Amino acid sequence: MINLTIDNQQIEAEEGKTLLAAATLAGIDIPTLCYHPAVPSAGACRICVVEITGGGQPGLVPACAYPVQEGLEIQTESERVVASRRMTLALMLARSPGATIIQEMAQEYGAEPVPMDKGDDDCIMCGLCVRVCQDVIGQSAVCFEGRGHERKITTPYDKQSEVCLGCGACAFICPTGAIDPADYCPHPLETIPNDFNCGLDTRTPIHIPFPQAVPNKPLIDRENCIHFITGGCEACKQICPADAIDFDMTDEYVTEKVGAIVVATGYELFNPDVYAEYGYGRYPDVVTSIEFERMVSASGPTTGELVRPSTGKPPKTVVFLQCIGSRREQGGLPYCSKICCMYTAKHAILYKHKVHDGQAFVFYMDVRSGGKNYEQFVRRVIKEQMATYLRGRVAKIFPSDGKLIVRGADTLSGTQVEIAAEMVVLAPAMVPAAGIRNLAQTLRIGYDEHGFLLEAHPKLRPVETNTAGVFLAGACHSPKDIPDSVAQASAAASKVLGLISHQTLTREPTIGIVDEETCNACFECEGACAYGAIGPKELKDRKGEVTAVVAYINEGLCQGCGACAVTCRSKSIEVQGYRDDQLFAAINATGR
Amino acid sequence: MIQTKHDQDDTAQWQPRIVAFLCNWCSYAGADLAGMSRLSYPASIKIIRLPCSGKVDPMFVLKSFERGADMVLVSGCHPGDCHYTSGNYHARRKLKAFRELMSFLGVDPRRFKFSWVSAAEGAKWSKLVEEITAEARELGPFRTFPEAAKTEASQ
Amino acid sequence: MSPEASTAQSLAQTAAEMLSQGQVALVIGYAPTEGKRLSPPVFVTTPEEAQRLGFDSRCFGNLSVYLWSPQVRQMGKTAVVVKGCDVRAVNVLLRENVIKREDIVLIGVRCGGVGDLPAHKCTVCDCRDPQGCDVVVGDAVDQPDGAAEGRYSAAEALEEKSLDERREFWQRQLDKCIRCYACRQVCPLCYCKRCIVEKSTPQWVETSAHPRGNLSWNVVRAFHLAGRCVGCGECERVCPMNIPLGAINQKMAKLMEDEYDFRSGMSPEEKAPFTTFSTDDTDEGIL
Amino acid sequence: MAVATQLRTPEDLANLREQAATRRESKRMAIAICCGTGCRAQGSMDLVEEFRSRLEAEGLSDVEVRATGCHGFCERGPLVVIYPKEIFYCGVQDTDVADIVDKSIKGDELVESLLFRDPVSKNRFHLEHEVPFYAKQQRIVFRNNGKIDPVVISDYIAVDGYVALAKALTQMTPEAVIDEVEKSGLRGRGGGGFPTGRKWRICHGQPGDQKYIICNGDEGDPGAFMDRSIMEGDPHSVLEGMTIGAYAIGASRAYMYVRAEYPLAVANLEIALEQSRALGLLGEDIFGSGFSFDVEIVRGAGAFVCGEETGLISSIQGDIGSPRQRPPYPAESGLWDKPTNINNVETWANIPVIIDRGADWFASVGTEKSKGTKVFSLVGKVQNTGLVEVPMGTTLREIVYDIGGGILKKRKFKAVQTGGPSGGCIPEAMLDLPVDFEKLRDVGAMMGSGGLIVMDERTCMVDVAKYFLAFLVDESCGKCTPCREGLFQMHAILSRITEGRGREGDIELLQRLAAYVGESSLCQLGGTAPNPVLSTIRYFRDEYEAHIDHKRCPAGVCTSLVNFGIDSEACKGCGLCLKDCPTEAISGEKKAPHRIDETVCVQCGVCYEACPFDAITVE
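Protein chains in written order, with the UniProt record's numbering: chain A, 1 to 592; chain B, 1 to 155; chain C, 1 to 287; chain D, 1 to 619.
Keep in mind that the hints were calculated from the coordinates and are not lab data. Do not rely on the hints blindly, as some may be mistaken.
No farther apart than 27 Å at their CA atoms in a straight line, the calculated lysine-lysine pairs in the BS3-like style are these [claimed, not checked]:
1. K237(A) / K338(D)
2. K571(A) / K271(C)
3. K403(A) / K352(A)
4. K271(C) / K96(B)
5. K193(C) / K571(A)
6. K193(C) / K271(C)
7. K193(C) / K543(A)
8. K46(B) / K571(A)
9. K540(A) / K100(C)
10. K77(C) / K537(A)
11. K313(A) / K354(A)
12. K46(B) / K459(A)
13. K571(A) / K199(C)
14. K100(C) / K543(A)
15. K199(C) / K540(A)
16. K543(A) / K77(C)
17. K96(B) / K199(C)
18. K100(C) / K537(A)
19. K46(B) / K199(C)
20. K17(A) / K338(D)
21. K537(A) / K193(C)
22. K537(A) / K199(C)
23. K77(C) / K540(A)
24. K193(C) / K540(A)
25. K118(A) / K551(D)
26. K271(C) / K537(A)
27. K96(B) / K254(C)
28. K96(B) / K571(A)
29. K100(C) / K571(A)
30. K459(A) / K127(B)
31. K571(A) / K254(C)
32. K161(C) / K96(B)
Example chain A residues on the side facing chain D (calculated, C-beta under 8 Å, incomplete) [said to hold, decoys possible]:
33. G43
34. R46
35. V49
36. P67
37. L91
38. V114
39. M116
40. G148
It should be emphasised that the depicted structure is a prediction, and the values quoted were computed from it without experimental measurement. Every residue gets a Cβ at the ideal spot worked out from N, C-alpha and C, and that includes glycine.
Okay, chain A solo, but in the shape it has when bound (with noise of 0.2 Å):
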């Protein structure tokens, strides 16, 4: 450890360090231009100097790259150093007048305007740019140039540069704004969409996956991180002082002996593309009334503030239609999603809240408000018009002189309607989650023909599945709302617990018995058995000599499936339950 003062202030830190990061650690503010955590300090901007009053040789260094010394005294904020950053700033003020961070430090320093040679430039010739790309990347798409005032910041011969990955790490780093990366950058730069808010904004490589996540800790998307792609950069390693960051962790498959499972996958939303009359995909302010939720979130992509994607603007107009795709029997899916109606009319008021001289409307089928208070509350948006209501469906969305015309029918009044709407949301129908189908197959549980998951009888074991210890909660099984997805996963949880509180578990008694008699120990069984629950057993006699080896079935491994007693041709396999004998009576019983 190496003891210092800054600002009259007892500081200790560690041999290495920088000027900065002890003042940083001290909680001493120190303004910086050219400096990065992630990038090597250059020292070229000078902003960051400070003066060395004493422990060394007197004069003004530059924090950043300036290392500690014991005994230093160090003033961060002396006439001398203000002087010089005042100056710094000047300069910097007469060559990039435009830029907006220099602007503002000039104005907080007090540069005065001096009278010197004005210039257009933004690029303060920090080097970050530089740095960033060849210490950090890896890459060296761009360098310096020239000498002096004619330094420049380019690309080898001016020319798009081939070993640019279009990261972007340049523009994001530099301070001024003054880098465009479409001028050198071959490819378009590579921006991530954000699943959580539906693709509407984008993301970092690294990210917290969405609010409230749980562990609420960032994740590295291997395919976007340059340094799984270059092997360079592992800026984040360099900056996290927790030096959490760990390259070398893998997806790893977790294995756990559990005695019960919940499935609560959730659901998707219908692809509503697929219906070229509402133009989604193609018109920009069409939305899914999930986009919509995520407008009007306040940790959304806009925090909140609902804009049509195609101006930015407020939409005026706003027309949601219901059921696309659900209870739709040619072209969509028969069932009722269920969730609709209710977010649809709670969407109406969120919509009158964000834009009070908004209008809404809703085409329906049928408003179906089943649930405590739900009907009240739909009667409440039609009441205090904050929507109006029509009955029907809609036949055509196309683009007119900046809005879309919704045209539907009112079937109601019997009329055909015209609206021309700003945004257009969408409640699409609500299908089971992706992979379902091979979840519900790994578990051996079975699925409808739209993937959600069967209960073991639709009336008496709703959370129960035909395989013991898998529960289901939620829309997996079936389109849910709220209230009755927590009441489900209530009801499984409750059966979980009655499950596990027992001391020992309870098994269905059909399990597979081989006659030791007549059992020819050929193993075919053994190759029928999709548990391995089949292996061989010395039979043996009073001296405990082996007389034969036979098959035999571990009664806690067996299904009872009976797959072993159909390949034994000496019939042998017995399945408890479903005995050769009790099956010939029950056939015969068919007989006239």
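On the provided structure of chain A, position chains B, C and D as indicated by the hints.
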């Protein structure tokens, strides 16, 4: 077609007998769902519940025919959905061979049906039974070898 | 010396050596006998008796059927004289854990075909040179060309007939069955301690010689041999009622080859189609 | 020349020296022809050929022709010195060769016309050491220049070359070598004046197996060429110094960073390296001491900023030649992040002498804090230009007047600028300043690498400041804001002053900017860059004020501020100005006073320079 006395019966009255071996988890549940859904289907079907379609031994089918079944149906989970992972795959392989063997020996393969019906397919079940019943009716009563032999001898 | 004589000499010499050196306790072979239609099996326990061994076109039988009999097993390690086609049966027995390879010695004989005509299986034989034997004797023989052609000719002839014709044909044939079970007794692969027809609770197959039970019996027999039968033809040969049992076996063997590219008994390591499955199996005909 | 056997011991070296000396002494006479870059440009290589063929033709095999390095008096080249008498001929052309051979080689006469004639006293001087230019010099660094052929290693060995190396390696520990250098008081000749011994000691004390030595041969100051002359004329002295330094520090590899504009230096150094390796003076186990060392030449692309040590290291590493913040100093983390010791050519050339003759002897030369000699490149409006090596403490007056022979055309001295582009201008009042590191710094100038530019009354000090700043703006690497932007703006301000657009407060603004650039810049380029501005404001503020307040350039240099006229009294009507005027603004009959048409005149000043009678007036 073998002309028998049954053919002279009022065929409208005659109901074929179909023995169905259903797996517990899919097809039996599917049939149950059909019932719960109040779907109707012909009473011609006699259901025998087995844990799995893989538990169906050709012997059961033979015995059913011996016992006078006009058609035998084996129904299980869809491929990949077997409660026991692979029982329906074993069944599929064996019962195909069985059907071929029967056909080779002169038994009309249409009298032996095999189907995938999941627990959610109550409607499919009901429709299936309707269809095969109609087909069985069209095929007429199944004459087991002895009866056929007798008929032939009498001719 | 005739080829038969030299083969006989080799067999006798080999067997005598094995017995005298104590390698085996028993040699099962053929004893060609003047005037007999087929050469009967002989069980040789001494070097002297080994002189009885010989081989000719009358050696029709498949001696592997004796390998799993309790009496033979009791005697200890046994050598058996096998033709190329008989080795396939041995392979099935090995793969089904009926016998252990270390308990037996295989004396292969090169065979130019057996039977008077010769037999159908010999005209389509592709295994005249025995494979996987401990010793092979006999002069080199020619392999018939185009052996695969007509391998299943009996089954194919019936397949070409209509369903009704087949029904009629089999009804007549199976009607003859007297349930003597000679077919079962002679089959090297029918080794069950208790045959299904002898299981009485329940009695899946009716035991009386009634057409109903006859169909069941033959279906069960064919099904139990599906993917196993090596086509030695002994069942058909021994059937006192001359039921063309070989055609049924051929039908199943053809199915195995067509569907699963499988021919039984080609190696002791093979996995029979009915002990496994593929997710790619056809869904044809399934509702 | 190929020397077959390697020198394994000091005795081997002594034997070789004996042979070489004997061979040299066997010659009756030696003709040393300066073949430095300056004299070559004036045809000295032809002279060498001519002398050789002439001597051969005359059968004078006992006379040696020696193509030596720079003699320093480049003003008067090509120079020829005939030993042993040291007859000094200057301005020799190949047509003079026959005359020289006839008179001075075969006979005992002098070629009067080729002797140096002092332009002031009009005296002629026969011998080299009598020539005033040389008389007051003391040559330590230049001890061999002019005496040996740089591409003949035996020449160097004959004059006690590599004796110091042998002594260091076989009789001294590295610590003892450092002690000796430290005791000598030698300070870095590259500009900073950091004590060389202390620098070595720091590097010596650094942990690590791999250390590097760098010789800074990137002589970037315009007009300075002493390092080039040493590398060209006596490359082995530099190599020997480096080898001793490497031994002291514990380095096994070295780089010589030579600018690519010095092809002769590179060529001679490469030859020297080959010869040294052949003799085992470089390579493995030198003199059986177990010490191994080798040198590689790196050619710099000619950036002034690469003279800064961290910029130079970047350049060797193949990066952009931009300096970086120190610390860490190169002695701790330099080339490839290893401890690295950098000294410039002149410093290295001093080392063998210190080891050979001892620190005490060396310390006896110079002043209290600045020991030894310093080579200056004396240029500008002075009679005798060239390289001069004088003991530290010699006054500027001695250099300018005694050695330099005073101001050209009898004009008035105005200032002397020392230390290269970042140096300062020293006014006449301080001419008696004894030159050493501290004294120069105190008056706002600096030693630098040893440039000395003499300016006369016709020099505009604002223009001078602008000129140097323009150079520095051009040569700034552009990395740090103060140097890049500050110098640019200072230059812009100076430009507007010289163009008559100066504003009130510009001097103060210049001073503020200068102070800022000086203290806030990343490296010493920026750190010293304001010197020319500050020192000219300090001593010649009136000139600035004249430019700003009265829009007048007293020296008549800043053409925007000048109106030229012709003094009809002084004008003799020679017509020289008329002939040179690019815009035909001058008219007049021969032998009658001329006139300038102010409407056509573009104030280029050509007439002002051309007039032999100072008849052109400036307003």
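Cross-check of the supplied hints:
Of the supplied pair hints, the one linking K237(A) and K338(D) holds, its CA atoms being roughly 26 Å apart against a limit of 27 Å. For the given pair, K571(A) sits about 21 Å from K271(C) by alpha-carbon distance, which is consistent with the 27 Å threshold. Between K403(A) and K352(A), the direct Cα distance comes to roughly 19 Å. Compliance with the 27 Å bound is thereby established for this hinted pair. For the hint pairing K271(C) with K96(B), the CA-to-CA distance comes to about 19 Å; that is within 27 Å, so the pair holds.
Note on K193(C) and K571(A): the hinted pairing holds, with a Cα-Cα distance of about 11 Å set against a maximum of 27 Å. Note on K193(C) and K271(C): the hinted pairing holds, with a Cα-Cα distance of about 22 Å set against a maximum of 27 Å. The suggested pairing of K193(C) with K543(A) holds, with an alpha-carbon distance near 24 Å, which does not exceed 27 Å. Restraint check for K46(B) and K571(A): satisfied, since their Cα atoms lie roughly 25 Å apart, inside the 27 Å limit.
A distance of roughly 20 Å separates the Cα atoms of K540(A) and K100(C); the hinted pair therefore holds under the 27 Å criterion. Our distance criterion of 27 Å between C-alpha atoms is met by K77(C) and K537(A), whose separation comes to about 24 Å. A C-alpha spacing of about 12 Å is found between K313(A) and K354(A), which places the hinted pair at or below 27 Å, so the restraint holds. Restraint check for K46(B) and K459(A): the C-alpha separation of about 25 Å stays at or below 27 Å, so the hint holds.
Pair hint K571(A) plus K199(C) holds up; C-alpha atoms about 8 Å apart against a cutoff of 27 Å. Proximity of K100(C) to K543(A) is assessed by CA-CA distance (about 25 Å); at most 27 Å being required, the pair is judged to hold. Note on K199(C) and K540(A): the hinted pairing holds, with a Cα-Cα distance of about 25 Å set against a maximum of 27 Å. Restraint check for K543(A) and K77(C): satisfied, since their Cα atoms lie roughly 25 Å apart, inside the 27 Å limit.
Of the supplied pair hints, the one linking K96(B) and K199(C) holds, its CA atoms being roughly 26 Å apart against a limit of 27 Å. Straight-line distance between C-alpha atoms of K100(C) and K537(A) comes to about 17 Å, which keeps the hinted pair within the 27 Å bound. Our distance criterion of 27 Å between C-alpha atoms is met by K46(B) and K199(C), whose separation comes to about 26 Å. As the CA atoms of K17(A) and K338(D) are separated by approximately 19 Å, the hinted pair is consistent with the 27 Å bound.
Distance check on the hinted pair: K537(A) and K193(C) sit about 17 Å apart at the alpha-carbon level, within 27 Å; holds. Among the hinted pairs, K537(A) with K199(C) is consistent with the structure: their alpha-carbon atoms are about 23 Å apart, no more than 27 Å. This hinted pair checks out: K77(C) and K540(A) have alpha carbons roughly 23 Å apart, not beyond 27 Å. A C-alpha spacing of about 18 Å is found between K193(C) and K540(A), which places the hinted pair at or below 27 Å, so the restraint holds.
At most 27 Å may separate the alpha-carbon atoms for a hinted pair to count; K118(A) and K551(D) meet this at roughly 24 Å. For the hint linking K271(C) to K537(A), the alpha-carbon distance of about 22 Å falls within 27 Å, and the restraint holds. Straight-line distance between C-alpha atoms of K96(B) and K254(C) comes to about 14 Å, which keeps the hinted pair within the 27 Å bound. Between the alpha carbons of K96(B) and K571(A) the distance comes to roughly 21 Å, so the proposed pair stays at or under 27 Å and holds.
Between K100(C) and K571(A) the CA atoms are separated by roughly 23 Å; this keeps the pair inside 27 Å, and the hint holds. The straight-line distance between the Cα atoms of K459(A) and K127(B) is roughly 23 Å, inside the 27 Å bound, and the hint therefore holds. Simply put, K571(A) and K254(C) have alpha-carbon atoms about 26 Å apart, close enough for the 27 Å limit, and the pair holds. A C-alpha spacing of about 20 Å is found between K161(C) and K96(B), which places the hinted pair at or below 27 Å, so the restraint holds.
Checking G43(A) against chain D by beta carbon gives a least distance of about 4 Å; that is within 8 Å, so the hint holds. The restraint placing R46(A) at the interface with chain D holds, with a minimum CB-CB distance near 5 Å, inside the 8 Å limit. For V49(A), the shortest C-beta to C-beta distance to chain D is roughly 6 Å, which falls under 8 Å, so the interface hint holds. Contact between P67(A) and chain D, as hinted, is supported at the beta carbon level, the nearest pair being about 6 Å apart and thus within 8 Å.
The restraint placing L91(A) at the interface with chain D holds, with a minimum CB-CB distance near 4 Å, inside the 8 Å limit. Taking 8 Å as the C-beta contact cut-off toward chain D, the hint placing V114(A) at the interface holds, the least distance being around 6 Å. Interface restraint check for M116(A): the shortest CB-CB distance to chain D comes to about 5 Å, inside 8 Å, so the restraint holds. Because the smallest distance between the Cβ of G148(A) and any Cβ of chain D comes to about 4 Å, under 8 Å, the interface hint for this residue holds.
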